[in-house]
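Visitor: If you're matching them up, the sequences are chains A and B in order. Sequential numbering from 111 applies to the first sequence in the working numbering. Sequential numbering from 111 applies to the second sequence in the working numbering.
Where hints are given, some of them may not hold.
All copies of an identical chain are treated as equivalent in the list; a pair is satisfied when it fits inside any one copy or across any two copies.
No more than 30 Å apart at the CA atoms, straight line, and that leaves these computed lysine-lysine pairs for BS3-like [said to hold, decoys possible]:
id: 1; residue 1: LYS427; residue 2: LYS169
id: 2; residue 1: LYS153; residue 2: LYS454
id: 3; residue 1: LYS427; residue 2: LYS117
id: 4; residue 1: LYS349; residue 2: LYS197
id: 5; residue 1: LYS117; residue 2: LYS454
id: 6; residue 1: LYS160; residue 2: LYS349
id: 7; residue 1: LYS427; residue 2: LYS349
id: 8; residue 1: LYS153; residue 2: LYS117
id: 9; residue 1: LYS153; residue 2: LYS169
Everything labelled a hint here was simulated from the structure, so no lab data went into it. These numbers were taken from a predicted model, which means no experiment stands behind them.
2 protein chains.
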Amino acid sequence: MNVPSDKALVPFVSVEDMLALIHRHGIRNCLAELADMIEADFKRWPAFDKTPRVASHSKAGVIELMPTSDSVDYTFKFVNGHPSNTKVGLQTVTAFGVLASVETGYPELFSEMTLLTALRTAATSAMVTRALAPRTAQTAAIIGNGAQSEFQILALASVCGINEFRLFDIESSATRRCIANLEGQSIGLTACSSIEEAMQGAEVVTTCTADKSYQTILTDNLVGAGLHINAIGGDCPGKTELHRDILLRSEIFVEYPEQTRVEGDIQQLDPDHPVTELRQVLTGEQPGRTSVDQITVFDGVGFAVEDFSAMRWLREKVAQGAPSEMLDLIADPDDPRDLFGMTKRFIHRAEQTA
Amino acid sequence: MNVPSDKALVPFVSVEDMLALIHRHGIRNCLAELADMIEADFKRWPAFDKTPRVASHSKAGVIELMPTSDSVDYTFKFVNGHPSNTKVGLQTVTAFGVLASVETGYPELFSEMTLLTALRTAATSAMVTRALAPRTAQTAAIIGNGAQSEFQILALASVCGINEFRLFDIESSATRRCIANLEGQSIGLTACSSIEEAMQGAEVVTTCTADKSYQTILTDNLVGAGLHINAIGGDCPGKTELHRDILLRSEIFVEYPEQTRVEGDIQQLDPDHPVTELRQVLTGEQPGRTSVDQITVFDGVGFAVEDFSAMRWLREKVAQGAPSEMLDLIADPDDPRDLFGMTKRFIHRAEQTA
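Let's have the full structure, built from the sequences with the hints guiding it.
Guide: What follows is the structure, given as structure tokens:
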């Protein structure tokens, strides 16, 4: 045999393949399906192995492995965070991931995850907003108009039917780029010159800022009754976006308390400050919003289960014909106990070819 | 631009590429270079981040991530262990790995590691044998003639100049296959019908058995003065190969005591039983073999630093022209803050092409 067998091959979704999937399937469909997939997996939360992420820190940044599994599928994501990368024309955050079978340990999917993480992060915010924001919400403020902003806006539009967005960034060029990128999407987009202006009339606010040193994006006086806040940018120790006083008069919802108390905005609070797990709201075990005046905060940090859901979704898409290529990744000897025999057969093939 | 930029591309060494490298470069050269690379990295042991492996256990087996890094390079290996896989024609153990830059977090190499792990495991045993066995050793017994056996034999031949091997396996077909696979290598190979027979005249013995339930491969009466033992197969909790009494009268050498006391043959001993770290022998901080009569045991379990060395070696080979292909793995927007812009450009391209 001159070609690797089926057992050797693992589907690979490249960046170009992911762009093609987004283009063909429609980014709004992708975001809406991901939101449903993530919600479904949050509802069966106890089924997951919640291993903490494994971080390797250096002066320049961090490289993390984020594994999780249920009884059928295992996934992990490799993700880096290197703030100074942009100075040399590289991404601050890049990612790739693998889905493997728990039964055999064999990889079943290898994928770029820089784009897929952007999609799943936005889909998660939108899924949470659907569960917690006032049902009548029409207008959202987006504070921080960087790499996540367009994804967040499209997800809120697709999943929650929000169609008016008020944008602010300390760099007005970021706001202009965001608006230009979303031209033709039939979404109302207003550039604002201050956070105060962006908050006017907003029933939902998403903070997705990137600067580690800019610590209080939202101050207490800006936050009125009935608001739902997605605090997405405060996602590591030393990085927060909300003033502590906002948190003290809000109901706080988190992905996984053990992780969020270290990485999220609630690192500012006492370690026993009451928070509600999202999954409990989604299954109905705990109430979400209980009054129109309540302030609800989603303190999002990103969790491995969201990547798991995203990879499950992607595997479905690939099975349905989404673009991918096959990688010859797994050594597949004729006899599993005879790995060395592969090297001999290669030599025979090479001699025949020569 | 219709092609991904250089920053998007990561070299990938497939199974076929690895077979081609082994064929072109010669497996003995590969093993000898790997032994030197692993020795060099063991000598600078304190430079490494020694994160414990992250294991996900299920009824069917285990999936592990093995990360490590120095100040320049980060590597991790994905490896599974599923004993019942052979029943359905799959490998018990498969692996792949990634080498990334600590400075940027960007992946620099993605590779199959089923074959590469077989090479590095054998190279490690041989490197240790070179350091600990009697210098006059000519003959080795190989107990367990499964997937690792040919690699172990070729590594001992290449690195230590051992040229007589006495083979035993409870399945004689495994021994026959091993001998057939090594035909033409100018190595003396003798099939033996018992462990006792295999041990006759051996100055080195390598145990590389796979069966979890077959717990005492070497009994005390079989082990004479001056022997060097590589105990490779006992590598997880509940799996050992040497009778405890052998360990009690030997000098024991390990990769990393914290890991070996859990996974290695020394799990049978008190947690404070004295062992010597290999790296200390290699740097001269501690003596290795101190007399011709001494029994030395390498209780090998496999450590992430060995994979790190193997991936460094492979990166060198790829830089020198070893076969690989480029994977479009990293999203590379024109402006790093404009990830969404990539989806727009793709649409424009698609429209132009249509």
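Visitor: Next, verify each hint and record whether it holds.
Guide: Evaluation of the provided hints:
Taking the closest pair of Cα atoms, LYS427 and LYS169 come within 30 Å of each other only across two copies (29 Å); inside a single copy the shortest separation is 39 Å, beyond that limit. In this assembly of identical chains, LYS153 and LYS454 lie within 30 Å of each other by CA distance neither inside one copy nor across copies; the values are 51 Å within and 34 Å between. Proximity of LYS427 to LYS117 under the C-alpha cut-off of 30 Å is found in both arrangements, the shortest distances being 20 Å within a copy and 27 Å between copies. Within a single copy, LYS349 and LYS197 get their C-alpha atoms as close as 21 Å, which meets the 30 Å cut-off; across copies the closest is 51 Å, which misses it.
Taking the shortest Cα distances, LYS117 and LYS454 sit within 30 Å of each other inside one copy (19 Å), while across copies they are farther apart (36 Å). In this assembly of identical chains, LYS160 and LYS349 lie within 30 Å of each other by CA distance both inside one copy and across copies; the values are 23 Å within and 27 Å between. In this homomeric assembly, LYS427 and LYS349 never come within 30 Å of each other (Cα to Cα): the closest approach is 35 Å inside a single copy and 41 Å across copies. Proximity of LYS153 and LYS117 under a CA criterion of 30 Å is satisfied in neither setting, with 33 Å inside one chain copy and 39 Å between copies.
For a Cα distance limit of 30 Å, the shortest separation of LYS153 from LYS169 across copies, 24 Å, qualifies, whereas the shortest one inside one copy, 38 Å, does not.
In summary, the structure is inconsistent with hints 2, 7, 8 from the numbered list given earlier, while agreeing with the others.
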